[in-house]
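Q: Whenever a hint applies, use it, and build me the whole structure from the sequences.
Here the protein sequences come in this chain order: A and B.
Its first residue numbered 1, the first sequence is counted upward by one per residue in the working numbering.
Its first residue numbered 1, the second sequence is counted upward by one per residue in the working numbering.
Source of the hints: derived by calculation from the structure; they are not laboratory data.
Note that the structure is predicted; figures quoted are calculated from it, not measured.
Do not rely on the hints blindly, as some may be mistaken.
Chain copies aren't distinguished; within one or between two, either way the pair holds.
[What the hints assert, rightly or not] Listed below are the simulated DMTMM-like cross-link pairs for lysine to aspartate or glutamate, each with C-alpha atoms no more than 20 Å apart in a straight line:
1. K225 <-> E62
2. K550 <-> E132
3. K234 <-> E428
4. K550 <-> E217
5. K346 <-> D74
6. K113 <-> E374
7. K550 <-> D392
8. K346 <-> D356
9. K113 <-> E268
10. K126 <-> E354
11. K449 <-> E508
12. K550 <-> E530
13. K346 <-> D46
14. K449 <-> D392
15. K126 <-> D392
Take a look at the letters that make up each chain.
Number of protein chains: 2
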Amino acid sequence: MTPAFTLGVDYGTNSVRAVVVDCRDGRIVGTRVFQYPSGDQGVLLDSRDPHLARQRPADYLEGLRASVTGALQDATRDDDFTIERVIGIGVDTTGSTPMPVDGHNRALGLDPKWAGHLAAQAWLWKDHTGAEEAAAITAIAARYAPEYLAPIGGTYSSEWFWSKIWRCLKAAPDVFDAAYSWVELADYIPAALAGITHPRDIQRCICAAGHKAIYSETWGGLPSKAFLARLDPKLAGLRDRLFDKAYAADRPAGRLCAEWASALGLREGIVIAMGAFDAHYGAVGAGVRTGTLVKIIGTSTCDCAIAPAPGEIQNVPGICGIVNGSIMPGYFGIEAGQSAVGDLLKWWVERICEGDDALHAELTNSAARLRPGESGLVALDWNNGNRTILVDPRLSGLIVGQTLHTNRAEMYRALIEATAFGARAIVERLTEYGVPVDRVVCCGGIAEKNDLFMQIYADVLGHPMLTAGSPQTPALGAAASAAVAAGAAVGGHASFAAAQAAMTRVGERQFLTNTGARRVYDDLYGIYRELHDAFGGVPGADADLATTMKRLLSIRERAIAH
Amino acid sequence: MTPAFTLGVDYGTNSVRAVVVDCRDGRIVGTRVFQYPSGDQGVLLDSRDPHLARQRPADYLEGLRASVTGALQDATRDDDFTIERVIGIGVDTTGSTPMPVDGHNRALGLDPKWAGHLAAQAWLWKDHTGAEEAAAITAIAARYAPEYLAPIGGTYSSEWFWSKIWRCLKAAPDVFDAAYSWVELADYIPAALAGITHPRDIQRCICAAGHKAIYSETWGGLPSKAFLARLDPKLAGLRDRLFDKAYAADRPAGRLCAEWASALGLREGIVIAMGAFDAHYGAVGAGVRTGTLVKIIGTSTCDCAIAPAPGEIQNVPGICGIVNGSIMPGYFGIEAGQSAVGDLLKWWVERICEGDDALHAELTNSAARLRPGESGLVALDWNNGNRTILVDPRLSGLIVGQTLHTNRAEMYRALIEATAFGARAIVERLTEYGVPVDRVVCCGGIAEKNDLFMQIYADVLGHPMLTAGSPQTPALGAAASAAVAAGAAVGGHASFAAAQAAMTRVGERQFLTNTGARRVYDDLYGIYRELHDAFGGVPGADADLATTMKRLLSIRERAIAH
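A: Structure representation (structure tokens):
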């Protein structure tokens, strides 16, 4: 079998990474990371507004050239690698990260006239300047188009497409007027590689459209002009300059144009896979399949699952998004998430204990010596609100059960457990509504490095916990998608399942459920769930608070006596 | 007016302090502290049993001689002072701290035969070896003599008289059999000074008997022989060798005997005031009167109030003890308390933040810069259970409202506020049952040193907070009691009120309620009280938990906007 290689290009918040992957076995033969040169680690800030976070489009294009050529150069050291054997490119990015473009599909931020204007740059996923607009969209949709809210759990976010564009219209109308259209970064890069020179010709991915832009074939694509006109007539006008249809990754975004082929030193005409968000291609790279939940664990988590389409999956209450084809063609892509996981532990270590990475390690070691239940504590993991399944940013943290002897390591463990309980609540909600989950794959530094964390999850969830086996699952998933787009005939793969089987390394490390620990955690989860439902305002919540503390003490006493 | 002086002798956990006080104005003209030489800072421990805490009677007697002679020596530097002008001695001690004595009223622990036996020593207040016995006493009383439990809030404590004696009977029957009787330290020292040589001749104070030994005239003194026989027939036998009647401090405990007069260098025959617990004479020294609640704030608090007797005061649910004459003759003495105050802040600083006194100061400074409500936090002050008004040691801590930005100073302030809310719950319970409270006097290091603490209490309670003006209120109260026992004719005082007016310095520092802060704290206390009642198991508790976190956020937003 002739060797073939694909490129995966992963646009993160602070840098872009390119990898060259062997399609036969997923071996990464070349890699290069490019740090965005502008702003604060690549993010343009505004000292007058902490909610603002933008990026310079020029950083993306310079990063594309530098990371890909660097990775290719790296790959030349591999005996099997030649430039001719590169058969495709896949791209994943942060999102929703839309940017205004002109009528030639050129990012407005690249135009010297607009280079100094923050509103003309890319609006990074974590830009929250559109909070007011998000609230208004939620309110107006609740009244006039509740169907728009059902698949996103009832609340439109300030991080998403329309909030940002509407905000631009209000705060910087000159930029809005100068823009012919708006494009997600996940669509912009593939379109640039393909040399597409008109925004209407861009192949837009269903992943960004469906999860962030209120796109669904159910209601004929994007939100209706009538609805958008209720926000602002100019948004209704913009609708004609966006797109009618968005696509799953079962079709390519285009073919590599001469200009970029030359810039990257690649063959013209190789396939460009449909773009996607990092979490979605990350899920592919982490072996997502029916029954596998992928958790991308960082400051927060993004949880991805799929279920065969067409099928029985309805809207799952409190789940952020369910979009046909968004993660993998032929499946419903399901997105959930926890608002604070790494951030919760970071809060404890840095804000409360005023420590650093060494203290994380020390507390992990101490916490690992505790038995389940021994701390006598239960916490709610809501210091940053609850993204799934309550979808309520106005919730906050709670810790109960502390005595005068409770120490910082016990609290640290209780916070890890709280995130595991939150994860279990999501899994239970998914399975309750017909999305099967029988194993969980975790990606990210915490999953790779913190065995205690993984074991607690295995014991709380009652499912095996697997690590993804690669620190670069998004880039790997993008490369796998490119291999599918290229096809088996040229050394790629005939399907995502085939590409995953060949190219991913999931589960080299597994954490199995300890049944004794599981039993203790069943009790603790019961208490967590009572508090979760009571403080989360779940109708019919029935918490026996008068016995909460006594039950925690009993669990603790049994753990110590054990 | 001829100057007259009294001695106040205060037996603490680690040392005994003697002061010489001018009866005219409360000036302390001599003072001496004696550290108990035995054990760990005066406490005999058992490495096999962390609940054990005993003290050597010889330390008490040696401490009496050393502290009093030292204080007198110190006093000689005062121009007005002469030994002839010392008109009486008052003693206060920790309690319940009973010890076995022989038929000559000699502490068994002084006998060389028993000197090495821990059970033959004094059983210090914080000895918890009788936990099982306390639970049995509670259970048996609940069944056969519920009236015994009503005045003590429903639960007999392992720290109290009968738990300890019964424990001794079971664990060290030889010691029990060798003891003729048992005497509280608060009675033992005055009896020793008076040269009393038979236990039946000791004048026992109502304060120890009423609060710790289930003594009440309502049921004819100590618990009935029938009841005690249900515990153990030998306890019924002991009843005859204890006492029939206990007295308020309106009569002396005796007159100084020749032997101790010689040992101390004092005139034989001067009056020995009735003994009392440190908290009770502390309340006298802190100006307790109708309407004044005295809070002795240390690791925990002891709250003391009085109400005219005979009067309308019934048993107040959840209040530890109400005993006629226990704090001041002619009044009901009312005792309440919070299980953790200083300890709660110490927990946060030492166990969680792993800091020291400097960090206490730093967090106090940072917390003082916060507005009421700004932290968005509410905590329950139950890390060591709840002594009053729920009387439930199996409750634990709770903190709610934390975000990823919550810092250690905000938590520190929330914990101070939690103790203030706990204090308010006690005051509300007292006033609800007819015990008036219109000002609060605080004693102890925290009250004297931490203005933030005092201001928060003033704002939460809605009453002026006064400091006691002396770091030695128990010794001062004991000296005042001696002045009353000696009488006005010899330079003492005709009544406790007269003695307090002349000899105490309450309220030199006052903290007044800020009405704006009061309004915010009314809201926060409402949330505290909902959580208190729900988690505390108060029948009919009605907590709107679904809005708890949102209300905290709103309070926080208003505080910041203010």
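Q: Each of the hints needs a verdict: does it hold here or not?
A: Going down the list of hints, with the structure as the test:
Taking the shortest alpha-carbon separations for K225 and E62, neither the intra-copy value of 37 Å nor the inter-copy value of 94 Å comes in at or below 20 Å. Within a single copy, K550 and E132 get their C-alpha atoms only as close as 44 Å, which misses the 20 Å cut-off; across copies the closest is 18 Å, which meets it. In this assembly of identical chains, the alpha carbons of K234 and E428 never lie at most 20 Å apart, being 42 Å within a copy and 60 Å across copies at closest. Within a single copy, K550 and E217 get their C-alpha atoms no closer than 52 Å, and across copies no closer than 37 Å, so neither meets the 20 Å cut-off.
In this assembly of identical chains, K346 and D74 lie within 20 Å of each other by CA distance neither inside one copy nor across copies; the values are 35 Å within and 57 Å between. Proximity of K113 to E374 under the C-alpha cut-off of 20 Å is found in neither arrangement, the shortest distances being 63 Å within a copy and 44 Å between copies. Taking the shortest alpha-carbon separations for K550 and D392, only the inter-copy value of 10 Å comes in at or below 20 Å, while the best intra-copy value is 29 Å. Taking identical chains as interchangeable, the C-alpha atoms of K346 and D356 lie at most 20 Å apart only when both belong to the same chain, with a minimum of 9 Å there against 23 Å between chains.
Taking the closest pair of Cα atoms, K113 and E268 never come within 20 Å of each other, the shortest separation being 32 Å inside a single copy and 104 Å across copies. Taking the shortest alpha-carbon separations for K126 and E354, neither the intra-copy value of 25 Å nor the inter-copy value of 35 Å comes in at or below 20 Å. For the homomeric pair K449 and E508, the shortest alpha-carbon distance inside one copy (14 Å) is at most 20 Å, but the shortest distance between copies (59 Å) is not. Within a single copy, K550 and E530 get their C-alpha atoms as close as 14 Å, and across copies as close as 18 Å, so both meet the 20 Å cut-off.
For a Cα distance limit of 20 Å, the shortest separation of K346 from D46 qualifies neither inside one copy, at 25 Å, nor across copies, at 41 Å. In the homo-oligomer, the alpha carbons of K449 and D392 never lie at most 20 Å apart, since the shortest distance is 30 Å inside one protomer and 42 Å across protomers. In the homo-oligomer, the alpha carbons of K126 and D392 lie at most 20 Å apart inside one protomer (17 Å), although the nearest pairing across protomers, at 47 Å, exceeds that limit.
Comparing the model with each earlier hint shows violations of hints 1, 3, 4, 5, 6, 9, 10, 13 and 14; every other hint is respected.
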